[in-house]
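Numbering (the working numbering), first residue to last: 7 to 62.
Be aware that one or more of the hints could be misleading.
Listed next, the in silico DSSO-like pairs over lysine-lysine satisfying Cα-Cα at most 27 Å (straight line) [stated by the list, open to error]: (1) Lys21 to Lys51; (2) Lys21 to Lys39; (3) Lys51 to Lys39; (4) Lys39 to Lys19.
Derived from the structure by calculation, the hints contain no laboratory data.
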Amino acid sequence: MALRIRLPGGTMKIKTYRELRSRERDRRVPVWKMGSMYFVWWSNKEAATSERSQDR
7 MALRIRLPGG TMKIKTYREL RSRERDRRVP VWKMGSMYFV WWSNKEAATS
57 ERSQDR
(Lines of atoms letter the chains of each structure in order from A and count residues from 1; the text may use other names and numbers.)
(Lines give C-alpha, C1' and ligand atoms only; values in the text may rest on other atoms or scores of the structure.)
Protein backbone atom coordinates (compact mmCIF):
# COMPACT_ATOMS: atom_id res chain seq x y z
CA MET A 1 0.00 0.00 0.00
CA ALA A 2 1.40 3.38 -1.01
CA LEU A 3 1.90 6.17 1.47
CA ARG A 4 0.59 9.51 0.19
CA ILE A 5 1.74 12.80 1.68
CA ARG A 6 -0.05 15.91 0.43
CA LEU A 7 2.20 18.97 0.25
CA PRO A 8 1.78 22.47 -1.13
CA GLY A 9 2.21 22.15 -4.88
CA GLY A 10 1.66 18.40 -5.14
CA THR A 11 1.77 14.96 -3.57
CA MET A 12 4.74 12.82 -2.52
CA LYS A 13 4.03 9.09 -2.76
CA ILE A 14 6.14 6.30 -1.31
CA LYS A 15 5.68 2.96 -3.07
CA THR A 16 7.25 -0.39 -3.86
CA TYR A 17 8.16 -1.21 -7.48
CA ARG A 18 5.06 -3.32 -8.15
CA GLU A 19 2.81 -0.40 -7.07
CA LEU A 20 4.30 2.05 -9.59
CA ARG A 21 2.14 3.27 -12.48
CA SER A 22 3.48 3.11 -16.02
CA ARG A 23 4.18 6.88 -16.03
CA GLU A 24 6.23 6.43 -12.87
CA ARG A 25 8.12 3.40 -14.21
CA ASP A 26 8.88 5.30 -17.43
CA ARG A 27 10.16 8.22 -15.29
CA ARG A 28 7.76 10.76 -16.84
CA VAL A 29 7.35 12.13 -13.30
CA PRO A 30 10.23 12.58 -10.82
CA VAL A 31 11.09 9.27 -9.07
CA TRP A 32 13.86 8.62 -6.52
CA LYS A 33 14.79 5.15 -5.31
CA MET A 34 16.01 4.54 -1.75
CA GLY A 35 16.60 0.89 -1.00
CA SER A 36 13.49 -0.96 -2.11
CA MET A 37 11.20 2.08 -1.83
CA TYR A 38 10.37 4.59 -4.57
CA PHE A 39 9.60 8.23 -3.79
CA VAL A 40 7.38 9.72 -6.49
CA TRP A 41 6.53 13.41 -6.85
CA TRP A 42 3.23 14.29 -8.54
CA SER A 43 2.85 18.04 -8.85
CA ASN A 44 -0.70 19.37 -8.94
CA LYS A 45 -0.17 20.25 -12.60
CA GLU A 46 0.95 16.71 -13.54
CA ALA A 47 -1.89 15.13 -11.55
CA ALA A 48 -4.48 17.26 -13.36
CA THR A 49 -2.96 16.32 -16.73
CA SER A 50 -3.05 12.63 -15.78
CA GLU A 51 -6.72 12.83 -14.75
CA ARG A 52 -7.69 14.53 -18.03
CA SER A 53 -5.90 11.89 -20.13
CA GLN A 54 -7.72 9.08 -18.25
CA ASP A 55 -11.12 10.64 -19.05
CA ARG A 56 -10.52 10.25 -22.79
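Sort out whether Lys39 lies within 27 Å of Lys21, counting only the CA atoms.
holds (10 Å)
Regarding the pair Lys39 and Lys19, is the alpha-carbon distance no greater than 27 Å?
Cα-Cα ~12 Å, so holds.
Is the hinted pair Lys51 and Lys39 satisfied, with a Cα-Cα distance of at most 27 Å?
holds (22 Å)
Given hint Lys51 paired with Lys21 - CA-CA distance at most 27 Å
holds (21 Å)
Of the numbered hints stated above, none is contradicted by the structure.
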